[in-house]
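**Q** Knowing the structure of chain A, use the given hints to seat chain B on it.
Number of protein chains: 2
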Amino acid sequence: MEVVAIGTELLLGQVVNTNAAWLGEELAAAGMDANYQSVVGDNHDRMVLAMRTALARNDAVIVCGGLGPTQDDITREAIATVMNVALKRDKEVLERIRNRFRSASREMPRSNERQADVPEGASVIGQTIGTAPGLICPIGHKVLYAVPGVPAELKEMVSRAVIADLKARAASRGEQAAIVSRTLRTWGLSESALGEKVAGRVHELDRAGGNPTIAFLASGVEGIKIRVTAKGPTHKAATEIVEAEEEELRAVLGEVVFGIDDETMEHAAGKLLLENGLTLAVAESVTGGLVSSRLVNVPGASRWFRGGLVAYDSEVKYSLLGLAEGPVVTQSAALAMAAGVRDLLHSDIGLGITGVAGPQGQEGQAPGTVHIGLVGIPAKGSPGGSLGLERQGEVLTLRLPGDRQQVRQLAAISMVDLLRRRLLAIAAGNGG
Amino acid sequence: MEVVAIGTELLLGQVVNTNAAWLGEELAAAGMDANYQSVVGDNHDRMVLAMRTALARNDAVIVCGGLGPTQDDITREAIATVMNVALKRDKEVLERIRNRFRSASREMPRSNERQADVPEGASVIGQTIGTAPGLICPIGHKVLYAVPGVPAELKEMVSRAVIADLKARAASRGEQAAIVSRTLRTWGLSESALGEKVAGRVHELDRAGGNPTIAFLASGVEGIKIRVTAKGPTHKAATEIVEAEEEELRAVLGEVVFGIDDETMEHAAGKLLLENGLTLAVAESVTGGLVSSRLVNVPGASRWFRGGLVAYDSEVKYSLLGLAEGPVVTQSAALAMAAGVRDLLHSDIGLGITGVAGPQGQEGQAPGTVHIGLVGIPAKGSPGGSLGLERQGEVLTLRLPGDRQQVRQLAAISMVDLLRRRLLAIAAGNGG
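Heads up: the sequence lines are chains A and B, in that order. Counting in numbering that gives the first Met the number 0, the first sequence runs without a single skipped number right up to 431 at its last residue. Counting in numbering that gives the first Met the number 0, the second sequence runs without a single skipped number right up to 431 at its last residue.
Keep in mind that the hints are not guaranteed to be accurate.
Copies of one chain are not kept apart here, so a pair can be met inside one copy or by any two copies together.
[To be verified] Below, simulated EDC-like cross-link-like pairs (lysine to aspartate or glutamate); rule was C-alpha separation at most 16 Å, straight line: (1) Lys230 x Glu25; (2) Lys224 x Glu8; (3) Lys154 x Asp402; (4) Lys196 x Glu106; (5) Lys196 x Glu245; (6) Lys224 x Asp71.
Calculated from the structure, these hints are not laboratory results. In this text, all values refer to a predicted model and were calculated from it rather than measured experimentally.
Bound-form chain A, shown alone:
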């Protein structure tokens, strides 16, 4: 398997090839061996050479990019050359493109017609997000897929059609070992600290033959992921191995694990709020709305999220949240913001966050300093419901690394993690 990414912008380093990394992860999770990646610019002859090279050394090739409507989008033409066939305009595809423009009440520019050109002998992967369809091109006993380079379109099309087609081809060749992966998502420990905690388990697995395997993925600001991958004769058998391993790891790691696979920190917190019948309001300064915007990405957030106040100007903190005039990057300010927004928006729980994103310090505090206030978690012995909520609060102070944007993102996740841990404590009957 080889991934061929098309685009001069990739060669010039103006765009980082994250598509290839995403495809590598997906293919590995689906049990496909990816042996090569390559990148070539928007040049017909070099594209043809790159595709031919990829086909010579692999059974399957995924080409990404160059399917747009403009003149430099020539992946369709290059594939036709590689297949040694002509391009034919597909009426059905053309109609779908026309409909997309129609439903947006816009006229379709002539140049978009080219997106309906299909090499003879290729079949079409219908477009659902953008205007470019994908292609499945059989070449001898090998296959070449073409998908758009826009990440959202690529991901949707690969997940829906390409992986399934690859699996069907593998099954028809009698290669049917199933590979199942699950990712445990963690927050609060460094990669080396996590590594030490699970070192014994990794060693045991190695000695037992390496099934399942455990790998660490540092995914920047979203915490560290631990991926468990198992092989088995069937999907069910491989899943059972993964699930047993998840249980082992959770027993070692405890509440450091906040979710699996695509579950985010806010999914975890939202679920706990719902279970406890509690509502939330958020006052943000340093994070500027980032926490709220993450919370509303949880489906059904309206059942527990009342809203938020972005109090960027100090004046807004004083007048709407009732802070005493004076310094605003303090523990007491974070607590007052939490209490203020809880009153303002009539929620059970209030969260407040203030800090210094940098690059300069503020009020004598270093960049990366963040105070998080939490008010309204039910006290010990009064779990659940909104009755018996005590107006006690707590403050967490952090010193976060990185630039302005990274400090903000780490601060936002840390805030939701604090809430999650306190809600877990209620559930365990030792809240407060």
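**A** Relative to chain A, chain B alone:
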């Protein structure tokens, strides 16, 4: 020129190939044409094939990674196979590695001795940060460089030795050019509509010899980028060509261009607010804080951004923003939100946004429906200052494509774009 990155972790997507992007930028800045990139795992035969393929289609190849001390670091061996020579342990290199360990008061593990192995006929790029030296390997009239995959070591070695060697080779062949790129960022037109607008210019440039070149990059939700790239005998000459072309394109595209290179939509709007001495407050429903969190990413945002209210619960819209009880996904609700938050946070301008992110419809409106309200832009003939602001407002209604997250992101940028266009209109003296 081809960059060959070595490492199974790149194929599996556990590490994103940022080295290739960095090298692409550096090579372009130095006037070198980078035609291909490739990635191959830690496998001797496949590495040899990847290097031979790269040498067949390029005059120069940079191999990154696989120079470490562990067993899976076999780039040295693969290069020796490609060159058809033996490896020889270099005493001087070995001594430098020993000294590194000595100066850190550590004993050198035996495995590090391998890092002193040099293919016969290759010369060494001395290591200054890590323990791995780089290699310059002449192969016929072509050349292959090997540098470590650790980004800091790679950057130091490429900047110090590889680029200089490439330039010396180019100079000896009488080739000396600089390449300069600039990206114009646009919003509001589809890729094909943009393509049609500049088709004449692209055609003209092609006929005139293709310098500068124009390319389109669809960067998902952040609008479409138009990249202008020019070659010249010097950096200054190439920059002048790019700047002249930027002027040509801006004349055709007008206010569709909101910035260049790294400038975001909110940078453009923030700059105009500052120039006009106006402050802003934002009330968000469907975008849930996304607009605010983008605005605060602009350095100095505190000079014009008062804050925002995330009114996710309808109750919050009624009680704090003064909306009439009833439907909240309407044009009048968007306008009332804009006026309400302007009053609440005492800003000059108020923006309000309400809509349906999906996947379900709401209040009988389809997913993707978004209403944006704007209140407080100075009327015609009263440019600048906060005096004479009229309380008139306007509403923009959009039907946005995509899933929940994409609708939110497109809505957020559309809102800031509306503000930007109205502020441009004040500057042009026909505001309102």
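**Q** Going through the earlier hints one by one, which of them does the structure break, listed in rising order?
**A** none
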